[in-house]
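Protein chains in written order, with our numbering: chain A, 1 to 554; chain B, 1 to 292.
None of these hints come from the bench; they were simulated from the model. Don't be surprised by glycine CBs; every beta carbon is placed ideally from N, CA and C. One thing to keep in mind: the hints can contain errors.
In silico contact screen, one side only, chain B against chain A (beta carbon under 7 Å); selected entries [as the list claims (entries may be wrong)]:
id, residue
1, 181
2, 182
3, 183
4, 185
5, 186
6, 188
7, 189
8, 190
9, 191
10, 192
11, 201
12, 204
13, 205
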Amino acid sequence: MVASIQPVAPPDVALSVRDLTVKLPQSMERTYAVENISFDLKRGQILCIIGESGSGKSVTANAIMGLLPRVIRVSSGTIHLDRTNIIGMSPDKLRNLRGRVVSMIFQDPLSALNPLMTVGAQIDEVMAAHGVGTPKSRRSRALGLLTEVGLPEPELMYHQYPFRLSGGQRQRVMIAMALALEPSILIADEPTTALDVTTQAQILELIRDIQRRKGMSVMFITHDFGVVAEIADSVVVMEKGHIVEQGSAQQVLKSPSHPYTKRLIAAVPHLTGEDRVPLAPVDNEPILKVDGLVKTYRSGSALFGKQRVVPAVNEVSFDLAPGRTLGVVGESGSGKSSLGRLLIKLLDNDGGGILFEGRDIAKLSEAEFRPLRPRIQMIFQDPFASLNPRSTIGHILTVGPVAHGMPYRQAREEAKALLAHVGLDAGAFGRYPHEFSGGQRQRIGIARALMFKPKLLIADEAVSALDVSIQAQILKLLDQIQRETGVSMIFITHDLRVASQICDEIAVMQKGRIVERGPPSQIFLDPQSAYTRELVAAIPGEQPRSTRPVAANE
Amino acid sequence: MTALTVIHSPIHWWESRVMRRFLSHRLALLGLVMISLLTLACVLGPHLLPYDSLYIDLRARFAPPFTGDHYLGTDPLGRDIAARLFMAGRTSLLVGVSAMVLSILVGTIVGVIAGYRGGWVGASLMRTVDGFLSFPSIFLLLALAAALKPSASMITVVIALTSWMEVARIVDAEVRSLREREFVLAGRMLGLSRTYIMFREILPNAMGPIIVAATLTVARAILMESYISFLGYGIQPPLPSWGNMLNGAQQYLASAPWLAIIPGAAITIAVTSFNFIGDGLRDALDVRDDRV
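Construct all of the structure, not just a fragment, from the sequences and the given hints.
Right under this line is the structure:
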C-alpha cells in the first residue's frame, strides 16, 4: 500500500487517536460506539473528554487500554501510544504496555479493588506482574506511593483491606496502583463521580498535583463541566459517538462554537447567590413543623455481641411554609435521605415530632396514616428502580388513587392529563417503563406523585441520576409545578449547585444534624458554619456568582 | 422539551427477547417438542390403539415389541403395553403437573410473605421450611403413603408436601432483594395495602425464577411418583402408572427386558425434557446474560 506512511505524531504528543471507529454489535441502538474520532493528548497536559451518558467517552478510554468487551471491535483507525500503534497489537504486547506506559483509574473504587487483598498486596501485584523489583524493593516503593497519594500512616494502610477505607481513600489507593510503574499516560474514567464534593475536590487536586510533579499526561473523562473548568488544559466534547468540538479549555468553556457544547454549558447548574422570588407573601401557618426529630440505626443483634448504634438523624428541627421549597443538602451519610423517609413515614422515627398541617403524624400508626398519605408524596432518586418494570405507566399512575377510592375512569382521565402536563405523550399510558429514557421516567415519577394533588412533595435526589441537560429540564418542570399548584417542597440533594437553583431556603446537614439553615444568598455568599464554607469551596469550577454581589452583602 | 419519542410498536410476547432466546436454546426446544408429543400420545393414543389397557389376552402373553398387532408387545397377563404406557402416562403426567401446581402455590405464598415481612414472621416461616427440608423426603413419602390409602390425588398431595420448600426458598430470596427496590417504597408511599404490594407489585417481578422452579418441580414429581409406585405404595394396579409398570417388570428382567425398558424410557424422556425446558427458561430469563 502506498498510503501506508504513518502520520507520525509530533514528538510532544503522548497519545494520538486518528479516525477511530468502534463498531457495536447488531441490535444495539446505533451502529458505532464512536465514529471517526481524532484527538491528541499532548505531553504533560490534562485532556478532558466530556459528554453525556452514551456519548462514547468510556468506549474511547477502553479502546486505548485495549479493554473493550469481545463483542465490541475497533473497525478502523489508529491509536498511537508513544508512537507505537496499538490497534492490532498482540494481547501479550498490549498487556506489557498496560500499567507501564498507560494506566487507568476507574469510577467506582470499591468494585475496582479486590476485596480479598490488602492494599499493599494489590500495589505490589502491579509491579510483580511486570517483573519489576524484588519483594523488598516493591514493598518500599508501595509505601512510598501510599505516602505520595496522601494517605495517612502508610505502614498501617499497607495492611488494610479495601472495605475499611472510605471512598476517597480507596480512590487514592487506585491512583497509587496506577502510578506504581510510572506510566507516562494516566487515563481517569469519571474518577470522582462516586465521591462527595469535598472528597472530589481533594482527589482532583491530587491528580493535578501528581501530573505536574511527574510531567504525566492525563486523559480525564467526565460529564461535569465544573470538573473541566477545574483541571483541564484542553477539552474534547463528545455527542453520540462523535467529537463535536475540541480546543483549549479556555476556548471551549468561554466561547463554545458548537450548539451542543453551548447547550451543555448553558445547562450546567450554577451557584446563584440570589434568592428565589417567593410566590406570594407568606403569612400562613407553616405546613410542616419538625421538632427534635431523631432516628437511630442499630446494627448487629442485641443477643450476640455488641450492638452498633448510628444516629442517622439527630435532633432535627425546621419548619416549612406553604408553597416554599426547602433544600436539604449534605454529603453521603449525612442523614438527608433518612430525614426524607421519616417525613413520609417510610421509616419510623425514634423521637421528636412531625407536625403536618397542625397534626403530629409521627405518632400515627400505618393504618391511621394511610388516609393522609395522598397529601405527602415523594419523587425518588433512581428513575430505573422506582417504577415497577412489570406495570404499565397507566397502572403506575392510577393504582394509588384507585386504592384510595377514586373511580378508575376518572383516575385514567387525570393520569392522561397529567402525562401531557409533565411533557409526555398521552400514548405513554399503555406502555412499560423500559420503553422510556431516564429523563422521561423521572417525569413519570413526578406525575405519579402529583396524581393526588399533594400538599407536600419530597424530592429525594430527584435529578442526581440524570444528565445535566435533562436535569435542567426536570428542575424547570418542578419549578413550574410549584408555581401552578402551590405545593410545598423538600428538595434533598448532594449538589449545592442544583439546590441553589430551586430552593427558597437551604438546610445543610452533617452527621445527622442541621449545621446551618438560611436562604441561598447566605449559604453561598456568607456561610456561617465552617462545614458550609468547606462545602461551598469544594464545588468544582465555581465561585458563587450573583448578579448583585454587592447588594447581597450590604 | 423532549416530548415522547418512543416509536416502536408494542412487542408481542412471541417476539420478545425471552422467547427468542428460549427458542434459540436447542435442547430446550427439543424438550418442548418431546413433551408435547408425549402428552399428545397419552391423550389420543388409547383411543387409536386396537386394545384396551385392561384387556387380558392370555394367548399373547410376553409378546415382544414390534411383532404381531401389539406394537410394543404385551405383559405377563397379555395386556397391550402401548395402551398401558399411554394410560400410565396420563396418570404420571397428571400427578406430576398437579403436584407442581400445588407446591408452587404453597411455596410462592410462603416465600412472598416470608420475604416481604421479614422479622419474626419471615424467620418462623423459613424455619418451618427448614424443618420440612430436614425430613428425608423418600422416607416421609413412604411413611405417609403407607399410613394413608394410596390414590392418585393422595400421592399428588404427598409429593407436593415434600417439594414446596425449595420454591419457598427461591421466592423468599427473590422477594427479599425486590423489597428494597424503590418501586416498593413508592407503593407504600401511595398507601397501597401490604397484600397488594406483595402479590401485585412484587410477585410479577419474581415470576422468572418461579417458572424455572416449576418445570424442574414437574420433573422431580414425575420421578417421585415413579419411586413410590415402583415400591408398591403409590398408584395401585390395575390402574397403570409408569412406576408400577416398572414394579411389575422387575421379576421378568432377564426374560422380557422390554417390560422395564419401555416405561423406563418414558420416564427418562419426560424427566429430561422437563429439565431441558427448565434450563432453557433459566438461561432465557437471566437478564445478566447478554447474548442476543
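So, going through the hints one by one against the coordinates:
no.: 1; hint: 181; verdict: 5 Å, holds
no.: 2; hint: 182; verdict: 4 Å, holds
no.: 3; hint: 183; verdict: 4 Å, holds
no.: 4; hint: 185; verdict: 6 Å, holds
no.: 5; hint: 186; verdict: 6 Å, holds
no.: 6; hint: 188; verdict: 6 Å, holds
no.: 7; hint: 189; verdict: 5 Å, holds
no.: 8; hint: 190; verdict: 3 Å, holds
no.: 9; hint: 191; verdict: 4 Å, holds
no.: 10; hint: 192; verdict: 5 Å, holds
no.: 11; hint: 201; verdict: 6 Å, holds
no.: 12; hint: 204; verdict: 4 Å, holds
no.: 13; hint: 205; verdict: 6 Å, holds
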